[in-house]
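Asker: Chain by chain, the residues run as shown.
Number of protein chains: 2
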Amino acid sequence: MKFGLLIIGNEILDGKITDLNTRFLSEFLRTNHLELHVMMTVKDNEASIHQGLKTLADRCEVIVTSGGLGPTLDDITKQTIASYVGSKIMFSDAAMRVAEKNYSRFQRPFPGKEHGYCFLPEGFIPLDNSTGFAPGFFIHHENKCIFSAPGVPREFKVMTEEHLLRLVNPPEGSGLLESLNFRTRKVPEEKIFGEVDKDLWKKLSQFGDVSSLPILFGVDIGVKIRASNQKELDEKRTAVTKVMKDSPVWENVWHVGYESVEEMIVRTANAKKIKYGFSESCTGGLCSHRMTNISGASTSFMGSVVSYDNSVKENILGVSSQSLKDFGAVSVEVAKEMANGLRMNLGLDIVISVTGIAGPGGGSTEKPVGTVCIGYSTAKSTEAVRLQFYGDRELLKNRFSQAALFTLLEQLENFAGV
Amino acid sequence: MKFGLLIIGNEILDGKITDLNTRFLSEFLRTNHLELHVMMTVKDNEASIHQGLKTLADRCEVIVTSGGLGPTLDDITKQTIASYVGSKIMFSDAAMRVAEKNYSRFQRPFPGKEHGYCFLPEGFIPLDNSTGFAPGFFIHHENKCIFSAPGVPREFKVMTEEHLLRLVNPPEGSGLLESLNFRTRKVPEEKIFGEVDKDLWKKLSQFGDVSSLPILFGVDIGVKIRASNQKELDEKRTAVTKVMKDSPVWENVWHVGYESVEEMIVRTANAKKIKYGFSESCTGGLCSHRMTNISGASTSFMGSVVSYDNSVKENILGVSSQSLKDFGAVSVEVAKEMANGLRMNLGLDIVISVTGIAGPGGGSTEKPVGTVCIGYSTAKSTEAVRLQFYGDRELLKNRFSQAALFTLLEQLENFAGV
Chain F
208 MKFGLLIIGN EILDGKITDL NTRFLSEFLR TNHLELHVMM TVKDNEASIH QGLKTLADRC
268 EVIVTSGGLG PTLDDITKQT IASYVGSKIM FSDAAMRVAE KNYSRFQRPF PGKEHGYCFL
328 PEGFIPLDNS TGFAPGFFIH HENKCIFSAP GVPREFKVMT EEHLLRLVNP PEGSGLLESL
388 NFRTRKVPEE KIFGEVDKDL WKKLSQFGDV SSLPILFGVD IGVKIRASNQ KELDEKRTAV
448 TKVMKDSPVW ENVWHVGYES VEEMIVRTAN AKKIKYGFSE SCTGGLCSHR MTNISGASTS
508 FMGSVVSYDN SVKENILGVS SQSLKDFGAV SVEVAKEMAN GLRMNLGLDI VISVTGIAGP
568 GGGSTEKPVG TVCIGYSTAK STEAVRLQFY GDRELLKNRF SQAALFTLLE QLENFAGV
Chain R
208 MKFGLLIIGN EILDGKITDL NTRFLSEFLR TNHLELHVMM TVKDNEASIH QGLKTLADRC
268 EVIVTSGGLG PTLDDITKQT IASYVGSKIM FSDAAMRVAE KNYSRFQRPF PGKEHGYCFL
328 PEGFIPLDNS TGFAPGFFIH HENKCIFSAP GVPREFKVMT EEHLLRLVNP PEGSGLLESL
388 NFRTRKVPEE KIFGEVDKDL WKKLSQFGDV SSLPILFGVD IGVKIRASNQ KELDEKRTAV
448 TKVMKDSPVW ENVWHVGYES VEEMIVRTAN AKKIKYGFSE SCTGGLCSHR MTNISGASTS
508 FMGSVVSYDN SVKENILGVS SQSLKDFGAV SVEVAKEMAN GLRMNLGLDI VISVTGIAGP
568 GGGSTEKPVG TVCIGYSTAK STEAVRLQFY GDRELLKNRF SQAALFTLLE QLENFAGV
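Residue numbers (my numbering), protein chains in the order written: chain F, 208 to 625; chain R, 208 to 625.
Certain hints may be false.
For identical chains, the list gives no copy identity; a pair is met inside one copy or between any two copies.
With a cut-off of at most 27 angstroms between alpha-carbon atoms, the simulated DSS-like pairs for lysine-lysine come out as follows [unchecked claim]:
#: 1; residue 1: Lys364; residue 2: Lys574
#: 2; residue 1: Lys532; residue 2: Lys482
#: 3; residue 1: Lys308; residue 2: Lys574
#: 4; residue 1: Lys480; residue 2: Lys532
#: 5; residue 1: Lys364; residue 2: Lys393
Simulated from the structure, these hints should not be mistaken for laboratory data.
Required output: the full structure, derived from the provided sequences and hints.
Answerer: So, in structure tokens, the structure goes:
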């Protein structure tokens with residue numbers, strides 16, 4: 208069963224927002240042994256939407272549309288799909304009940320039966336929107352399904368989770384699909400397949416489609432395996448895992464699966480009851496932000512100091528003005544003092560520090576943009592290393608924070624109490 | 208001149224990464240009076256790429272492709288475009304020179320003339336990649352242009368900026384295009400056009416396509432105006448601005464243009480030489496992260512304390528345990544103490560504090576998930592308000608931080624020294 212996604216909205220093609228629904232839908236399908244086959248983004252005029260529907264209908268059995276269901280005049284998805292399938296818009300009791308429910312959930316007065324949300328093309332099934340106002344809808348047309356949800360990411364997400372699979376009802380026994388994922392670090396993509404293990408790609412390809420995806424300072428090696436039953440799937444998974452474990456690449460694998468370093472930190476720190484925090488300079492709060500995106504982080508993450516200016520390093524973290532003068536703010540010495548200072552100040556088990564140059568300004572010959580010192584402090588030891596990365600400000604902040612989170616994860620894994 | 212973007216990569220359709228290149232390209236085109244007409248994402252197999260090229264060639268004059276130019280076996284964009292245009296891949300001196308330059312920039316040894324980067328289809332122009340290894344390329348084919356760049360966002364961005372327009376050479380006098388943008392806040396989309404000014408959409412539509420885009424807690428109202436010369440463009444801009452200024456919606460407009468609240472803060476704070484920082488609880492560093500994404504922030508942003516745990520609120524910010532006990536961590540009283548405490552501790556001009564419940568846990572009947580208290584402290588006054596938002600953890604963190612940044616901007620604009 209092939210799925211296609213049609214995103215309707217000038218705001219994407221005008222560069223005003225980043226599309227998040229493609230990623231959500233493709234992850235959602237993958238975890239359900241299904242695949243997103245193609246995605247297309249078109250302008251919100253009738254001709255473009257028609258062309259998009261036709262292009263996807265030629266390639267897929269299920270068309271999911273995102274966007275254009277709201278209350279303003281540029282929201283024309285419903286009318287356009289109606290004209291595409293040759294149906295007429297009319298007042299619908301079912302649509303009104305859904306819309307009323309959506310309004311009552313937010314304790315907002317329902318605008319009344321003249322409201323556009325109460326009108327739906329004949330044959331369309333209205334869909335409840337539990338996180339917004341605009342109803343979605345579903346229709347069967349010439350052996351294809353069309354499923355339409357609002358473009359607001361949380362509404363699109365919840366509506367898809369609640370309705371999509373029960374409506375399209377994918378056939379049983381169409382096979383199992385699993386995307387194995389091996390997260391490596393510290394080796395560039397070219398080296399993994401060109402030097403460390405030249406035959407790895409070929410060996411893995413016996414079992415399914417292989418992919419390689421560079422992220423921050425590592426590569427995700429993916430193998431998509433298919434099987435007709437659970438036993439065969441298990442055997443293939445075991446075989447792929449053996450190929451990886453027998454390869455010299457294995458020592459760079461830090462995780463098998465899709466868990467992020469943040470999730471692993473929360474799991475490990477909470478299980479070991481370790482209290483931690485960050486002394487962040489150049490990452491400007493990003494390490495803390497990434498950790499607090501994970502629900503459950505508050506059990507172990509106590510807090511951080513963003514010491515962007517040296518005065519904050521001195522006043523709150525107790526970094527000595529002598530060290531700042533002798534070694535500079537970006538130095539292993541200051542990184543160590545930043546980590547140790549906050550750990551002592553707050554009585555934490557582990558503090559990770561980051562001080563570097565994210566650019567574009569502030570670099571020098573001796574310490575170019577991309578230089579970063581990452582430190583850690585525990586009751587047993589306080590250390591720091593200097594690393595060099597490349598990229599623009601945003602990428603560097605991300606890479607610095609990734610290196611800091613890896614350092615934290617290592618410290619958490621090695622932590623054996625005081 | 209119509210542009211189409213073809214994104215090639217299973218990693219997008221598998222939900223492993225979020226596509227950022229669409230947003231970059233569409234913004235880039237918009238600022239150059241051009242438009243992205245359609246975007247399509249396909250799998251990295253030959254049949255899907257061919258279909259994608261054909262679909263876009265039917266609709267556009269310029270096809271930009273992203274992805275599939277790297278060194279691994281799933282990188283087949285070059286071969287596939289060669290077969291699409293009926294060209295043969297062969298060794299190319301020009302391609303080798305470009306590849307050598309890319310390697311020498313990173314001080315990495317060049318793999319030699321057998322490397323895939325040295326082979327290019329006949330008639331293709333190799334393109335320098337100043338931030339990565341894989342060269343891009345460009346070709347004219349049957350009155351269409353095809354421009355191919357790597358999918359890594361920074362490489363795609365820099366290569367597009369350096370090469371795209373000089374190669375496709377858009378015709379002069381094809382008209383000017385400007386997207387006017389009015390950023391509103393504190394009124395939901397439905398109310399703006401349904402209650403505050405029912406005729407606004409119609410009035411604006413006289414001048415061009417109108418759009419409405421909800422973001423965080425506001426709406427961006429867009430009007431895309433076209434003109435054959437600069438004078439006409441200026442007149443239309445003035446007319447649209449007058450319609451907006453005459454409308455009751457005007458009092459909710461906080462900015463005309465595309466500047467973000469972060470950029471306005473950096474500009475205002477640096478001009479007025481105001482030193483500020485954040486006391487962040489539930490936003491977990493996001494306010495600071497957003498500010499430090501802006502180059503130049505370090506002139507005025509001094510630092511922050513992420514006081515996720517109450518112990519940090521007491522130890523570093525000097526929040527009284529009595530207030531925490533009497534009013535709870537999420538209260539206007541604690542928000543005021545958080546703001547004032549950090550301001551005194553660091554000797555800053557303005558500190559903004561945020562304490563709330565981002566969920567999914569931690570809510571109560573009296574203080575449900577989405578409750579937030581936002582405070583500010585200056586030498587003249589310390590105040591806080593309680594607000595209520597809706598959404599999941601990530602959305603709430605974003606909305607809380609947006610409210611905090613608006614508070615900061617207001618304080619900066621009102622700031623008249625001590």
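Asker: Against each hint, give a clear statement of whether it holds in the structure.
Answerer: Hint check:
When the C-alpha separation of lysine 364 and lysine 574 is checked against a cutoff of 27 angstroms, the pair qualifies only between copies, where the shortest distance is 26 angstroms, while the shortest distance within a copy is 44 angstroms. For the identical chains of this complex, lysine 532 and lysine 482 are inter-copy neighbours only, at 22 angstroms across copies versus 31 angstroms inside a copy, given an alpha-carbon limit of 27 angstroms. Taking identical chains as interchangeable, the C-alpha atoms of lysine 308 and lysine 574 lie at most 27 angstroms apart only when they sit on different chains, with a minimum of 24 angstroms there against 60 angstroms within one chain. Taking identical chains as interchangeable, the C-alpha atoms of lysine 480 and lysine 532 lie at most 27 angstroms apart only when they sit on different chains, with a minimum of 25 angstroms there against 38 angstroms within one chain.
Taking identical chains as interchangeable, the C-alpha atoms of lysine 364 and lysine 393 lie at most 27 angstroms apart only when they sit on different chains, with a minimum of 25 angstroms there against 34 angstroms within one chain.
In summary, this structure violates none of the numbered hints.
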